[in-house]
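The task is simple: from the sequences and hints, build the whole structure.
Listed here are the chains, written in short residue letters.
Number of protein chains: 2
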Amino acid sequence: MTRIDFKSVESILSAAHADKRTTLLEYEVYRILQAVGISAPNSILISDIDEMRSRLDQIQTEKRVIKVASTQFLHKTDIGGIQFAPRCQHACEAACQKVWSAVKKAGADPKSVQLMISEFIPYSAKFGRELLVSFRVDPSFGPIVNFGLGGVQTEFFGKNLKPGRSLALRSTRNLSRDAIHDMIRQTAIYDILVGAARGQKKVLVNIEELIDLLQKLSRLAEHFSPLNPDTRFSFSEFEVNPLAISDHGRLIALDGLARFYDEKADLTPRPVHKIKQLLEPRSALVVGASGKGMNPGRIILRNLISGRGVPKEKIYILRPQKGADNEEIDGCRCISDLKELPDPVDMAVVTVPASPRTVDLIRKMIESEKIASITLITSGFGETAVGKKLNEELEEVIQKGRLQENKGAVVNGPNCLGIVSLPGKYNTFFIPKYKLPPARGPISNVASISQSGAYLVAQTSNIGHFLSPRYAISFGNQIDLTVSDFLEYLIQDHDTHVFCIYIEGLKPFDGRRFLEQATRAKNLGKKVVVYKNGRTEAGAKAAASHTASIAGDFEVLRQLFAQAGVLLANDLDEFEDMTKTFSALASKRFYGNRLGIITNAGFEATTASDSIGSLRLASFSEKTVAALQEKLPQGIIDFRNPVDTSPIADTNAFLTTVEAMLEDPEVDCAVVSAVPITGALNTLPAGERHREDIERETSFPQRLIRAIKNSDKPVVVAIDSGHLYDPCARKIEAAGIPTFRRIDRAVKALALYLDSFS
Amino acid sequence: MTRIDFKSVESILSAAHADKRTTLLEYEVYRILQAVGISAPNSILISDIDEMRSRLDQIQTEKRVIKVASTQFLHKTDIGGIQFAPRCQHACEAACQKVWSAVKKAGADPKSVQLMISEFIPYSAKFGRELLVSFRVDPSFGPIVNFGLGGVQTEFFGKNLKPGRSLALRSTRNLSRDAIHDMIRQTAIYDILVGAARGQKKVLVNIEELIDLLQKLSRLAEHFSPLNPDTRFSFSEFEVNPLAISDHGRLIALDGLARFYDEKADLTPRPVHKIKQLLEPRSALVVGASGKGMNPGRIILRNLISGRGVPKEKIYILRPQKGADNEEIDGCRCISDLKELPDPVDMAVVTVPASPRTVDLIRKMIESEKIASITLITSGFGETAVGKKLNEELEEVIQKGRLQENKGAVVNGPNCLGIVSLPGKYNTFFIPKYKLPPARGPISNVASISQSGAYLVAQTSNIGHFLSPRYAISFGNQIDLTVSDFLEYLIQDHDTHVFCIYIEGLKPFDGRRFLEQATRAKNLGKKVVVYKNGRTEAGAKAAASHTASIAGDFEVLRQLFAQAGVLLANDLDEFEDMTKTFSALASKRFYGNRLGIITNAGFEATTASDSIGSLRLASFSEKTVAALQEKLPQGIIDFRNPVDTSPIADTNAFLTTVEAMLEDPEVDCAVVSAVPITGALNTLPAGERHREDIERETSFPQRLIRAIKNSDKPVVVAIDSGHLYDPCARKIEAAGIPTFRRIDRAVKALALYLDSFS
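Chains as they are written, first to last, in the numbering used here: chain A, 315 to 1072; chain B, 315 to 1072.
Be aware that a few hints might be false.
Any copy will do: because identical chains look the same in the list, a pair fits if it lies in one copy or spans two.
Claimed, not checked - Calculated cross-link-like contacts (lysine-lysine; reagent style PhoX-like; alpha-carbon spacing at most 25 Å):
id : residue 1 : residue 2
1  : K473      : K419
2  : K945      : K1027
3  : K440      : K1027
4  : K377      : K440
5  : K516      : K440
6  : K902      : K836
7  : K418      : K626
8  : K1027     : K590
9  : K516      : K590
10 : K390      : K516
11 : K473      : K516
12 : K321      : K1027
13 : K703      : K714
14 : K945      : K476
These are computed hints drawn from the structure, not numbers from a lab.
Below, the structure is given as structure tokens:
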């Protein structure tokens, strides 16, 4: 790879900084581009006519461009600050005077304003000859590089093209040439650049050169990034628009803007290994348990005791106000001061309200070096003016702990519901059991990590009867531990395969870490599924640069998550559909995307075909068709995919078909669906007015469960019908088979799962 | 409006037809355009150089265009069939010879091929100067006119722009200037045409002129349409691409193609008024009821008897094979021949298999003039070769009936599940009641009209416990009565407000009638909600014209339905969500789109805000906020929209807030949502381990129902939680309030409902 002359860039930034500027002149942007090896028009900066005369022969094109060189004027064209002149000194003089007059008219002193004289670069105004390349620092994701359609119609195409087709963006972290190629290919303009659009034969540009150019920009972004402690300055934004394709296929910058600052991000890492003590504590301290009634602290205490993850004699209750010598609550020892703790404690749970006293308590905990981790259930940090001050103080306390040799304690929360850890055998949720029965069933391969406690509660209520997450973590305001910390820690857990993550906001630069961890998870074959809340506010944010106005925060997140293999759910239903599908199918094998569909209703066959997305309809092998024709009575089922067995097919005919399809080597995955209302299928629990009974081995759900369990192919099931058939659907679901009440949702969930392998 | 010279067009078509062609030459298209008042380059057609010489002074532009004029060559440019020449006879001669050589090289006899010499029209190649205008005959919807981006990049933009933004299309039926303006405004190019895009100040074209032009094309399409019996010829397709915007802002056609034929559609109408006898029969004939066991015919007989819509003594059973004198089944008289019917009968239900005998029976029924309507449950017409033949014969029998004075009988089906008519008090579904309990609750304002019987069954199972459609009609293969016939008939039913229609395919030109009836329904304030199955196959269909390749069948349907105010559901869940929402909210008042949101969970507040679509968040009036601050304890609820009451708010605090919000004049509509798992809300049925009881008047659901019923504003409810809370959700639902288990689905359904008023 070419060495980039970062020194020159540094000196341009230093000079501008000395000039008390945070914005660069176009001339400086051109010099930076040239320093990194990107073409820009040769230019000179002049202060007066004499200087122009003496240096003009440096600019030798047919025409010359004269532009005002000042950060005072945002829209140079509007004030008349851009002029063209033929190659003739007099004409150039006249043009310079014209610009200076315009400057005067605009209220500035022409004497203090320099002009830039540049080469004039001829290029066609036809569609596709103007590109945009840029980078900027995203508050969550750090430096991202952008590529897309440029020119005056950048906004027009941003508004009208399909999402991601006008502007592609990527994190610059470890950005490979292949990834850059993918990024270019993602845009609509790609076909035109490579001459693949209809009615166009000419290749407009050498894609390798374009990749080079974007790679250079990415390296510039990484070098002068707030995350790089080795440089003084950071670019916040750097945009070339248009990057023109000249008539000779040369890529050349024809305008540029850049902003920079001289701050660096604080990236002190959390001691992530201490999350082990948070998730699997062997000793605990509860702060806020009432001795009299059932308050949240007391419920948590009881949960800790009954979970048996922490032995009773290792659970302590802190009651500083009470004086607690020799007292016990629920058989656990009360202490009035941390000093009374006989040994260090893995986890403290704090439920007392936000107050200066609570901050002080946490300070003491950290300073004592006796507490490895703290879950701060407490809300009230941050919502009001008082809360904000408390929050700042608490942040300071935690940061101070980082300077200790033990790095202090890790803190989860505040404003969280705590944690359910099945491996740790404990639960800090404090919802009465009659309103939220604990999740049942074997421990699953899912870690559910949610910024919202209420979402975690609703999720448990919705799917807890068949899916028990190994870990359900409510992480709240992320005052210390972030979502990425939990992801980083849990990726190493051998038994966790699926991360279901609900995010409201990412801490500064934590998005970048999230991408890093998600990529690591993907490389290990683990799945990260995310629901992101608060997607539209971002759009409202006023944004100065083209790229920010086209790709709002959510679009940035969408593209970067896709880059890192994170699966982003479109809505709450899809999030839950993905959670259960990804969890259940992790034990199956990935063969490919040839889908078999069986249903007993024609409308489902069509709806399923409409919903297959990237999947392909399998063609059954002749052997399978022949076997079925032999096994089943003639003419009742037509063995074409999708198979519509019709409502006349009974349990045996239907299941024989399912079994044959799952055995067919031409079929990689399947959707099995039945409208269970037909009298031909045994789909009801035993009742008075009929002879069906889903408890029988020969019933529809029992045979279906056996058929699907016998296959290592990914299969999802749909049972479209009302409450009468809930027992049937739940029985299938409880067997670990993803079960839906609509065939289109079933197919989409399966397609999303299989897409996650590509 | 300008008179259009249709006579000239007719004579051009006649001449081409005499020439045994179905495709017009570009020269002829130009002449047709000029006849209807649309600019095209002046052109001459020449057969040899002498003719050229004698006529060349008719073409007086700076340059001239010479093109091969033959329908043999599809891609004129590719064979060298287009040349340009300066205004000079010699140059023109040379160009003509060049084209003739190219023709020869392409394997044709130059002597038999004419050339067209045209004016050269200068225009800029910049983006937005090339448009596409066209019309074509859609098999379902008849003539549709198209407008969009033209030029070589038509496909590029078709592929990359958001749906409907590259090409807009409308039915030409009653197409007003306003509707044409809307159509142009729908496209991305509109902003550029009117000079409203960024970085562009110039108006490119006078929109009124463009509207004129599209109106002329629409009239041409309607006049030479297969639906117009007064003309001999019909255009199947007519396309101008590009329609260029010349440098002087003039609209001028620069290429054109047209195809035509000389057939007309058969549009014999069905006697739709006879649907009354089908839906509310006072006498009935059952064909296929077994005297021994419970076959479908016998179940239908029993349903007819128990429904009491038809008196028992007016129900007859036809048993032609048995000889049935004096026999009875379930107390109804059997006959062996239609002659034995004492009086004409409103409805016959036929369940015997498809066979020549069945066709013959229906022929006899029609010829007897004793049967007004027939429901043909029978499948087997059309699926196989034998079935296809039977189907054709049956069609003939029905069409012959139309020639009778009484217009024969109307036939519903075949391959349908029949009808449930609550006003007619009958049900021909033959599903055992233990598998599908009949819909409960008061008769609703919904007509559910479905091509699929299975869908209708699944729908009844899913929503029947709180919503009973007035009519549930399974219309099957539409051998006679079409979906539009049912819509037309039922629109006049005063008590039907919402039409929920499931469509797999539309009969030829029945789409046009559907649009007509849907428009009529909209004008009456009634809502037509459609789920269309089989959306993707269409895309695969190879299509010759630009417009067909950009807008496949589903895109055509999507845009035309939008034009007619039909609400198209994206998936099965949304279809059902719309059904229940539109039905329940019909009794509420439409105030506007200022939405109030209340929830007890922060994640729902954000998710709801993310999902509001075209709705706006209301700002509560000061009065409301003051009243709430007085009524409720300080500090527990922050009265900003969306209101997050937090899980601490009890039923009283939550409902007091709901009531205040619904009374606020600044709020037009509302979403009320609670995660019911909090111990603060009384949301469970009575149980042993707690004191909640949703049967109590003060419980959460009961208070919520009263609050919503007391308001005339549209309100939807969400209860996100598991099965434990089904009773709570169902109680609210049973009170006629649209209830969801996800807040985003609730908000989207409400937004769709309110959008239907615009």
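- Task: Measure nothing new, just compare the shortest in-copy and cross-copy C-alpha distances for K321 and K1027 to 25 Å and report within, between, both or neither.
- Result: neither (57 Å within a copy, 67 Å between copies)
- Query: Within a copy, between copies, both or neither: where do K945 and K1027 come within 25 Å Cα-Cα?
  - Reply: So K945 and K1027 pass the 25 Å test inside one copy only (23 Å; across, 60 Å).
- Item | Within, between, both or neither: K516, K590 at alpha-carbon 25 Å | neither (59 Å within a copy, 65 Å between copies)
- Could you place K1027 and K590 in one of the four classes (within, between, both, neither) given a Cα distance threshold of 25 Å? For K1027 and K590, neither the intra-copy (35 Å) nor the inter-copy (52 Å) Cα distance is at most 25 Å.
- How do K516 and K440 come out at 25 Å by Cα distance, when the copy is not named: within, between, both, or neither? both (13 Å within a copy, 18 Å between copies)
- Is it within a copy, between copies, both, or neither that the alpha carbon of K902 lies no farther than 25 Å from that of K836? The answer is within: 17 Å in one copy meets 25 Å, while 50 Å across copies does not.
- Task: Using 25 Å as the alpha carbon limit, work out where K440 and K1027 are close: within a copy, between copies, both or neither.
- Result: Neither way: K440 and K1027 sit 51 Å apart in one copy and 53 Å across, limit 25 Å.
- Message: For K945 and K476, with the copy left unspecified, which applies at a CA distance of at most 25 Å: within, between, both, or neither?
- Response: Neither: 49 Å inside a chain and 49 Å across chains, both beyond 25 Å.
- Given identical chains, is K390 near K516, meaning Cα to Cα at most 25 Å, within a copy, between copies, both, or neither? Classified as between; 19 Å across copies, 34 Å inside a copy.
- Message: I want to check one pair: K473 and K419. Are their C-alpha atoms no more than 25 Å apart within a copy, between two copies, both, or neither?
- Response: Answer is neither: 35 Å inside a copy and 47 Å across each miss the 25 Å cutoff.
- Query: For the identical chains here, do K377 and K440 meet the 25 Å Cα criterion within one copy, between copies, both, or neither?
  - Reply: Both ways: K377 and K440 sit 20 Å apart in one copy and 22 Å across, limit 25 Å.
- Is it within a copy, between copies, both, or neither that the alpha carbon of K473 lies no farther than 25 Å from that of K516? between (28 Å within a copy, 20 Å between copies)
Hint compliance for this structure: hints 1, 3, 7, 8, 9, 12 and 14 are broken, all remaining hints hold.
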